[in-house]
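What follows is each chain in one-letter form.
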Amino acid sequence: MGRNSPIRVLMGKPGLDGHDVGAKVVSMALRDAGMEVIYSGLHSTVDEIVQMAVQEGVDVIGLSILSNAHLPIAKRIIGKLKEKGLSDVPVVMGGVIPKGDIPLLKEYGIAEVCPFSTPLDKVVEAVSKVAQQKG
Amino acid sequence: MSEQKKDSKQYDFDWGMKVKPVYAPDDLKEISQEKDIGNPGDYPFTRGNFPLMYRSRPPLNRVYSGFLSGEDTNARLRYLFDRGMKTMSIALDLPTQLGLDSDDPRAEDEVGRIGVAIDTLQDMEDALKGIDLGKVSTNITINALAPILLSMYVATAEKQGVSKDQIAIVTQNDILKEFVVRGAWIFPPRPSLRYTVDVIEYCAREIPKASPVSVATGHLRSSGANAAQEIAWGFEIAFAYLQAALDRGMDVDQVASFITFTFHNKLNFFEEAAKYRAARKIWARILKERFGAKNPRSLMLKSFGGGGMEELTMQEPLNNIIRETLVALGAILGGVQGVGLCCYDEAYTIPTPEAQLISLRTFQILMEEAGMGDVADPLGGSYYIEQLTVELEKAAVSLMDEIEKSGGIVKAIEDGAIQRLQARGAYERQKQIDSVEKVWIGANKYASEGEEWDVKLHQYDPTIQMRQVEKLNKVKKERDNARVEKCLKDLKEAAESGANIMPSTLEAVKAYATIGEMTKVLKSVFGEFKQPSVF
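Protein chains in written order, with my numbering: chain A, 1 to 135; chain B, 1001 to 1535.
Incorrect hints may appear among the rest.
What the hints assert, rightly or not - SDA-like, lysine to any residue: derived pairs with alpha carbons at most 20 Å apart: (1) 122(A) x 1315(B); (2) 1530(B) x 122(A); (3) 1492(B) x 1188(B).
Unchecked claim - Just some of the chain A residues that point at chain B, by a computed CB distance under 10 Å: (4) 18; (5) 19; (6) 25; (7) 51; (8) 52.
Simulated from the structure, these hints should not be mistaken for lab results. From the three backbone atoms N, C-alpha and C, an ideal C-beta is built for every residue, glycine too.
Chain A extracted, bound-state conformation (with noise of 0.2 Å):
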């Protein structure tokens, strides 16, 4: 717990789908507890994404999606990650995920998985956890 400055979180909104109250809402309540958070804008690629994180030297990444799409995803950032040597940076990822899909994003190497309804201050706590780990 011996950090100082706020956590850095990236909150990625990967792929063509623009819906992002759930990326606004979250970055809301991550601001209020405290943390600095950094918005992709819509329609990045997930190259984008990487780079921002790269750019922005940022302790957490969290993604938001809605389009289903997660799946895919999670397997191409956390290649992406590896591939740039950021393997230490956790991936959260949030949005329309059932759970049955929940242990496979894990095995592709997603920290933490929040689905939708999951109340904020579990969001909050699951970026907090991560970022702790990391560091």
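Guided by the hints, dock chain B onto chain A, whose structure is given.
Frame of chain A; chain B shown alone:
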């Protein structure tokens, strides 16, 4: 007898109305029977647009459908038509909505996922095969690229021998709200607005039964707006389109009746029915007094209602059938022209045919078994409903005044002011859900921990992209490529000159130009929107 309130429950509406435990004749004192309520079919249309309402014009039921290829979508549409569906509502995949062909790298994982993949006219022809476009009406939820999808629909109809004046088509074509929520924008707001008005102008001239703009203010509601904001923001957006058409020299009575609305309901059907009543009244008054409309059709607010997707729960999903029944009731009792319900499994993904059938049946049962539409405005005259209608009207009008005083809706959207209010509303709502101030039965209250309901969900077929790219390549090989080049050049010239974009779009579509090719040309003229940071 003295009574005590049982708990600390909050009864007031989020747009500011204090709700009393009971309403009485006194609550009607300030409300004029003639000016505020009137009769169905008479100005200000509070009680509905037509004297006989659903006896003469039954509401339509949109079942939003589309997935994978044109052929897959066609099979689903026919399944629903065979079971009593009377109108089509076509869902497009995201690459189509954003002008990307199925072989574009950015389309990876998204082709045919949440709607049908349309690359060329061929896909539209496949989706609509065997469906008589002279007999059914169709909604296509397309915004940034409405001229292209409208042209594809027109071209398909013409191939069937159905002329433009027989086509009943709704294109959503409401680009301004895309900049606030939903995010399916391509071009910057100003050229987008011109593009929108091109469609209105063309339809006014060529497709009299079209609804070229359906202001989908319901998207704002389901993303954080309250009922008063839903009316106010939706109307201000509609007036921006209307004014842009008037600035082009069109007459208000040529344009107004071409603008329709799609609202979203929450579950309290008293509030929602009052919303449609208040909205009709405001629309009629402003169109008459401010815009000087003379044709009664211009004064009638044509509304679709439904939605409620943000009210659905992933937990115990069959409960969503009951939620959507309440959504439907609010729309029907409110006197809408059409209803579009979510399916019980849509908290997860796009629906299965079984879930869509239940949604269709919900509407059919309400209308045909229960007789919910037999009498016009059945809630009219209720102390509570009349009070709710008047209060909601006041709240919406005051929000509209605020926006107009601070420079108008386009500016408010460009500045991100509406986006901030809407995001704030969504954040507050989530906090209420977390604290159980807003109740979700089976999800945040009385939840059955550990019990999972086994529900069959729609499964995506990842081979679609390969199949779709093969089809696209085949079309490109077989079409007259010289003709395509010529059409794309004409499209560019029309975009640059400011001429109406529709005729050259229609020609390009007929030559089997792809969505990606046409969008690329338009981007080179209109530019691309750069999203400002709004939070």
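Status of the hints after comparison with the structure:
no.	hint	in the structure
1	122(A) x 1315(B)	17 Å, holds
2	1530(B) x 122(A)	33 Å, violated
3	1492(B) x 1188(B)	17 Å, holds
4	18	2 Å, holds
5	19	6 Å, holds
6	25	5 Å, holds
7	51	15 Å, violated
8	52	13 Å, violated
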